[in-house]
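Q: Protein chains in written order, with my numbering: chain Z, 1124 to 1519; chain R, 509 to 744; chain H, 6 to 567; chain W, 104 to 392.
Honestly, the hints are just simulated from the structure, not real lab data.
Coverage of chain W stretches by chain H, computed from C-beta distances (three or more under 8 angstroms per stretch; other residues unrestricted):
| no. | region |
| --- | --- |
| 1 | 183 to 193 |
| 2 | 214 to 225 |
| 3 | 329 to 338 |
| 4 | 367 to 375 |
Given the structure is predicted, the values throughout are model-derived calculations rather than measurements. Positions of the beta carbon are idealized from the N, C-alpha and C atoms, including for glycine.
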Amino acid sequence: MPLEEEAQGRKDMLKPIGAALTAAFFITTSAALAAEKPKDPDVIHIGALFAMTGKTSFYGTVMSQGMKQAIDEINAKGGVDGIKLEADIEDHKGGVAKAGVDGFTRLRNLYNVQAVMTSFSPPTLAIAPIADEQKIFLINGGGVSNNLVGASKYLFHNRSLASDLGHAAVSHAHDLGLKKMAELAWNSDAGDNIVKVVDEYWKKNGGTVVASEKMDVGASNIDTQVAKIRAGNPDFIGLWLFSPDPGLAAKRIRDFGLKVPLIGVEYTADVQKLGGAALEGYEFTSDYFQPSADEPWSAAFAKGYKERYHSDPDFYAANYYEGVYVIAEAMKRARAEGGDWYHGDKIAAALRANPTFKSVYGGSMVFQANGVAKKRVALFKVQNGNKVFEKYIEAK
Amino acid sequence: MSAAILETRGLAAGYGKKQIVHDVDLTLDRGEILLVLGHNGAGKTTLMRAIFGLLKPTAGEVTYDGKPIAGRAPGDNVAEGIAFVPQGHGIFRTLSVRDNLELGGFIMADKTRLPERMQTIFKLFPILDERQQQIGGTLSGGQQQMLAIGMALMHEPRVVILDEPSIGLAPNLVDRVMQSIAEINRSFGTSILMVEQNVRYSLPIASRVAVLKAGRKIYDGPPAHLQDDVELMKLF
Amino acid sequence: MEYILHILVMVCIYGILAVSFNLLIGFAGLFAMAQAAFYAFGAYATAILTLKLGLPFPVDLLLGVLITAFIGALVAIPAIRISGTYLVVVTLALQVIVIAIATNWKDLTGGTDGLRGIPSLNIFGYALDNPGRFLPAAIVALGICFWVAWRLANSPFGRALRAMRENESAAEAVGKNLLYMKVAVFAFSAGLAAVAGSLFARYLNYVGAESFGIDETIYMLAMVILGGTGNLWGSLVGAAVLVILPELLKFVTLPTEIADKSHLIIYGLLLIVILRLRPEGLLAERSTMRHLPHVDDTNRHGAEMTAPLPKDEVTLSGNDLHKRFGGIVAVAGFNIVLKSGSITGLIGPNGAGKTTAFNLLTGFLSLDSGTITFRGRNITGLKPHNIVRAGVARSFQDLRLFTKMTALENVMVALPNQAGDRVFDVFFRPMKIHREEQDNLVRARAVLDFVGLTHKAYETAENLSYAEEKLLVVGRLLATGAEVFLFDEPLSGLDRTTLAEIFPIVRKLADSGKTICIIEHNLDVIKELCDVVYFLDEGHAMAIGTPDQLMNDPALATRYFK
Amino acid sequence: MDLFAQLFVNGLINGSHYALLGVGFGLIFATTRIVHFAYGPIFTAAAYAAWFAANVLGLPIPVAMVFAAAVAAVLGVITYQYLYLPFERGQSSSHVTLIASLGLFIVLENLIAIIFGTGGRVIDGYQYGIFLVGPIYFSSVQLGQVIAMVVLTALLGVYLARTRHGKAILATTDNPEMARIIGIDTVKVSRLVFAIGSALSAIPATLILLKDGATPSMGFFAVFIAFVAVIVGGVGSLRGAVAGGLALGMVESLGLWKIPTEWQSSIAFIVLFLVVLLRPQGLFGRTVS
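Model the full assembly from the supplied sequences, consistent with the hints where possible.
A: So this is what it looks like as structure tokens:
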């Protein structure tokens, strides 16, 4: 990568940080001067629990790619105050609690990991009590289950949860004046959580749910579900599914001759690949932002990713990429406090002390008291095989 | 060329740790019916299986036409003219009589001769002709045994090994089956190695008899001598 | 190091699972592929009972075990009717259905999100909330579960289980209640798996459906097969190997993208290689009799085993028995009366219905019509094992020995009224069982003496010679302590010398007042041995008389004797 | 009523797919008595082979299908020769072979994920035709699934009944020892059924690729449903596998008319459970003693 460009990227990425952030920086730095000399580890191991094998190992691939890109970038710039980062990735086999605990225990014991990137609900919920006890900083950029909120006091999320995404999606449908909703959801925590939120909102606002169908994660045969949805004669169809299933669902729905709007919460390259033309006009809410010239960090990330992995970054790659930066930044701040800083609780405290972080999607994100980063949820529409930003949706 | 077509020398066989047949010498001469008598558990079936290659002998030799064949795959033995009729239902129970017979000629190189062979067998067992399309498993016990023998004859074997063809048959049928075996031996010149328990019906057609007891041969000679041997006859 | 402690906790949990599974697969021969479902029941019971009802330890554990054991007992019911591949798929289906329920009954189970916040185990205010603290508890639990399984496997009940595995009908024919045994072993296996489930819930403080899927059952199956079926220590070894191996493989450093997948590939290959090298498992099955003391060969004789009974009393009688199979009449209007102290022969051509008659008399086939009485008591319609207990035992033409058990075990398993056949007594009256085992050992040795197999007592049945097998059949039948013995061709295939050994045995039995009925083809034997002979053809008795009378009957001669 | 008609058609289509999977798996199972779990990843490999042929080599789809069948057949034969046969020769119990098969399942599935990546694969630019007959929808691929099932099972039926090799297969299925006695090389027959059964799996695999795309884990469901179809229909019967597959597809589809769709994956197993309990030999099976 041309050094010049990289330096430029770094300069750009500093710009959007507001004055408050700069002020905070000064405060922490001055505090550090007063504190004792920081006790540093030789290497900072950042752990990860991803779906490296099994049905959903697609996620593990993109998440680990985003993560490693960030780590390499940060190391290239000298790491965290000169300490290099290292990624240690463990496999939770697509959300198996026991595998998650196995991996988590390894990470802590073999690498003295203090910060772990996690994904999927069951393993995250299973490690949460251990994280509490052992004071390990956790950050989740993938799981959307509302149950994750508050599972551990050290658990943070740099992605919007199901409630926010689903809420935004149906409030948009409501704005469009649609009345009859049919929904197709994953038969999993992710799908269930959205259905719960969405149904409640929709019924409260005078809509009817004409069909509420479930599909297994990665199921190939959803003709029955689509037939039942069609029989409900809906005004629109909510796709509470995640990659790559919205693509498959859209295709099958259009095949069946259903022309009503499709509104969902997910869009990735795989979704587009499987959905193809059927996705034209598909609208979805996401906390993702289009990499563009206006958002130099986004653009730099997307470019770097493409160079490394020969494909466009996914939303999930971006989140875990961003997550590493959050960890690194929080560590920097914790280290600035001096002393025996290299502990998950210290890192979490540093995050809570100043919950504003730069987001790879542009602007900044603020971690709320419940650990969830408040990101702007935006509405996109697929046009000519590309997503086009429409508007931000305020949570109501 | 020696008179023997099939010969074993010091043959031993068994299953796992259990040795069942010990050191058996048998000689089947061309054109004769060698009857091997013995009770349940005497090792008759094990011996036949070891000769035919369904079971690997643990020791000893088997020669066919002077050529060693011990431990060879059954398919090779069939191809060279040995046929085996196993105990019980030696047929394919889910297939028709016709299919069974055709399968009996599976290794025949010249498939055009199948119909002709089948006619020969129908002549021997007319009932099979009548029941060509019937499924094997639905035949009566006697018919099944005839079919089993018919299958073995399809590829014109020079030696037929029969393992207790009388088992499970009513006495009048036993006689009928034995007569057929004698007729096969007579009209086709097929050498026959037959294992039996039923002395009454099998002895009359035998050219020579061997007696097996606890896996060892205890007698080998003409049937007449056996009948005279009171002690031996008491075995049965 | 905590990591190692964690792995050891996992070894303990899977050790319990593998041991419990081995009871079903290895000992009872029941290939039920729903073990992870039982595991799930235990885990969810603890999760739900502690979270929703606030029940304290060990109430949740005990309730969970009881509920799961009950469900296990229910699963035994299909296992009565079906076996082999069909049992595998039915239980597999059950496993899938249970997990679907766990996933879809969201109010109770939390769906795929699962249930979290299950309280850690707390022993006297000391929370077992990390691997180091939990491990002792896990070891204790494994120890207890292993002991329970071991006790069961090595009890008379375990012996009966193995007999059932070897041959169900033969086990029934020596008086074993298959339904009871299957229900009991399923209940125990499921209950033990539930202990593992409860531990799992307490250890992880979290329960989710994904932990109990079909791949878990398969994982446990691999542990049992790899360790060696029918060997409980093997299951522990299997569990340890299959828990530790994947962890070790993680130390094989590979590029991130392919590391975990490659580890699985290596794991799969190693599994195949180990199975190739040791197809019988790492630890093969051993006779459970080894721990029994050998009894001195003091002169105990069979004579003492049977107190003489009064003779010439009618014991077993069958009246107007009928049985059809589809369109074929097997038995039609058969009447038979057996008397104590006499030997009755049953002859007739193949297909005459002799064996069918035995099957009817002993409950192995149900009658179309007719009645069977034993000493005036109507025993029509009783299950085979109850008929044996009433006093009528039979042997099989094809022997049906328990081939992988020793001669001694073959006999011991057949002894009547064993308290050790009841799982309650196995656990709650150990001294009684111990004494009884000593007595039974003596009795079994006496039976072996009686049939002349003392020197083969510790030989596995499959390694016996044919004649010895036949003798063992007789011995096993004697051991049932029945009054009436129905022998299906006990003498065929035996040479003169062996016959000479057996004749006095049979005669002695009759002299002691036992009732004996023999199916036989050998007329010499009939002549020498029998008091009365029934000539059976076309499903009923064509003639009854002394051997001489029948053999001189010209009508019969043309039919049968020629 | 429209819904019912649509669900009926769906059932027929999916049933055909299941039936074809069942026929391939069942042929192997009935003849060799091997519970060939690795049938799953071989099915997956066939889908990827078709993808490779069509997308990378640019071959037309029918040719890609044939290529996939060839790849699957080779994989099947290799599996038999180097995995199952040594176990068979060592006289291992069927359970040991089953675990070994699962081991191979793990190996192959992960190998495919490493080679082809974990994302889904579709044939670029392929668009199937869509038919809307009144209220009933189906696509050309789905039509293909039904036609493939009818044609291939008919061909297989004729092959088995009429040809020398086919009869050798039937004979071995009926009684392997008797087959050896009449001179059939049962090892060769096993190789043959592994080749045919695996090649058959390539057809539904390619159709699924066209319909939904391929993923490395697609084989798990395939082998399971195949196994279930065979047991429901009755082991050792071509008719049974077809009937079992169709019955499963129908019950699953029509069952979901009233049952919530989250139970989709369990319906087949509930059917299996009931069928085996009530009629252990399957719909068309004969009791195997």
